Amino acid sequence: DAGVTQSPTHLIKTRGQQVTLRCSPKSGHDTVSWYQQALGQGPQFIFQYYEEEERQRGNFPDRFSGHQFPNYSSELNVNALLLGDSALYLCASSPLVGGPNEQFFGPGTRLTVL
Amino acid sequence: GNSVTQMEGPVTLSEEAFLTINCTYTATGYPSLFWYVQYPGEGLQLLLKATKADDKGSNKGFEATYRKETTSFHLEKGSVQVSDSAVYFCALSRWGSQGNLIFGKGTKLSVKP
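In order, the protein sequences belong to chains U and W. Position 70, counted from 1, in the first sequence is what this note's numbering calls 70; the numbers after and before it change by one each time, with no gaps. Add 1000 to the 1-based position in the second sequence for this note's numbering, that's all there is to it.
Source of the hints: derived by calculation from the structure; they are not laboratory data. Just so it is clear, the structure is predicted and the values come from calculations on it, not from any experiment. Heads up, some of the hints might be wrong.
[Claimed, not checked] In the SDA-like style, the derived pairs of lysine to any residue whose C-alpha atoms are separated by at most 25 angstroms in a straight line are:
| # | chain 1 | residue 1 | chain 2 | residue 2 |
| --- | --- | --- | --- | --- |
| 1 | W | Lys1108 | U | Gly84 |
| 2 | W | Lys1052 | W | Gln1081 |
| 3 | W | Lys1108 | U | Arg110 |
[Said to hold, decoys possible] Covered stretches of chain U (chain W as the covering partner; in silico rule of three or more C-beta atoms under 8 angstroms from a C-beta of chain W):
| # | segment |
| --- | --- |
| 4 | 31-41 |
| 5 | 44-50 |
| 6 | 105-114 |
C-beta: ideal position from N, C-alpha, C; glycine also.
Bound conformation, chain W alone (with noise of 0.2 angstroms):
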């Protein structure tokens, strides 16, 4: 079936440092593939999407590229502010952007000044 994996948290960094949040997935066809973000007290946002191989999604600073060959969509921002921290989601739907989202675990980001 359809699944996402992704880096367990927590992951704290201090501000500026670079960051990586792994996913990966198990998907038939070509899914579009999202990452979200819940700030605490707040619903899910939208951060970043891609809909075919090699599309590289971008927002915030934030980035991920959707890879087909490792089946993979890491998320990735140079350099992360104490306003970044919130729990980050990695998602993915057969449907495109309106369909049922199958959603990773959730990575718990800290970041201290």
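If we strip away everything but chain U, and leave its shape as in the complex, we get (with noise of 0.2 angstroms):
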């Protein structure tokens, strides 16, 4: 079992330009959230998707935009990026139903924004 994988690890953007993350969740799991937490801070919910539809959201701007398939994996987007956005992206999976009652997290995504 792979459990949670993101890609890529590192990535380097400059202000104003696009992202795409993306997140594979674990086998079974059919629930994907994303969180970014700064440096020296606690991870921040941006929102969850579930049956390919945003679940719950933070307070995060409509920049922050997401998707998820078929398949359960997800991707997070990121538009007119600012410095303030780098971060370590954090994609956790779960199952809704059944399963270890537990949200199991992914190793990350760094993005600076430069």
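Given two chains presented individually in distinct reference frames, assemble the corresponding complex, making use of the accompanying hints.
Below you can see the structure in the form of structure tokens.
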């Protein structure tokens, strides 16, 4: 079992650009959540996807959008990048019903905005 | 709103010392409470959890008790090892283990041999 995988590992962009981050959930999981972790801070919830729809959303602007595919994998898109978007982006997956009642986290994508 | 406050780090201990990391929360209703650990270069891992008042979560020698009267969920371990060096995050969720998690800022623990 590969666990939660994320790509790429690191990414460098410039202000104003757009970025797409990818996540493959743990086998058997159908729910994917995204978090932003700024340096020295705890992760902050961005949104959660289930059945290809956004179920919950945190306090993030519309520049942050997502998508979930039929195979449960997910993308996080950020438009018009700001310096403050530099952070570690974490993906977590969980089974909505059944299975261990726990969110499993991937290793994250480190985004640097210059 | 819902929030988590945990003690500032870093915390440096000698091997076999007793560990306490304080965590208090503010939430409406009856949240579930969690401790996650982040080892260097790795993703977050669930360490333990408690879903109702007076529950005690435990794992790998760590334990924490859900205290509703003091809105606290302090992490303790009787004898730390060098391998426990990591960043520890307290978190809550109002929607069980699959709901969105609200994290504290994290406490870095360094254990010296």
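Checked hints:
| no. | hint | in the structure |
| --- | --- | --- |
| 1 | W/Lys1108 - U/Gly84 | 23 angstroms, holds |
| 2 | W/Lys1052 - W/Gln1081 | 29 angstroms, violated |
| 3 | W/Lys1108 - U/Arg110 | 20 angstroms, holds |
| 4 | 31-41 | holds (count 5) |
| 5 | 44-50 | holds (count 3) |
| 6 | 105-114 | holds (count 4) |
The earlier numbered hint that this structure contradicts is number 2, and it is the only one.
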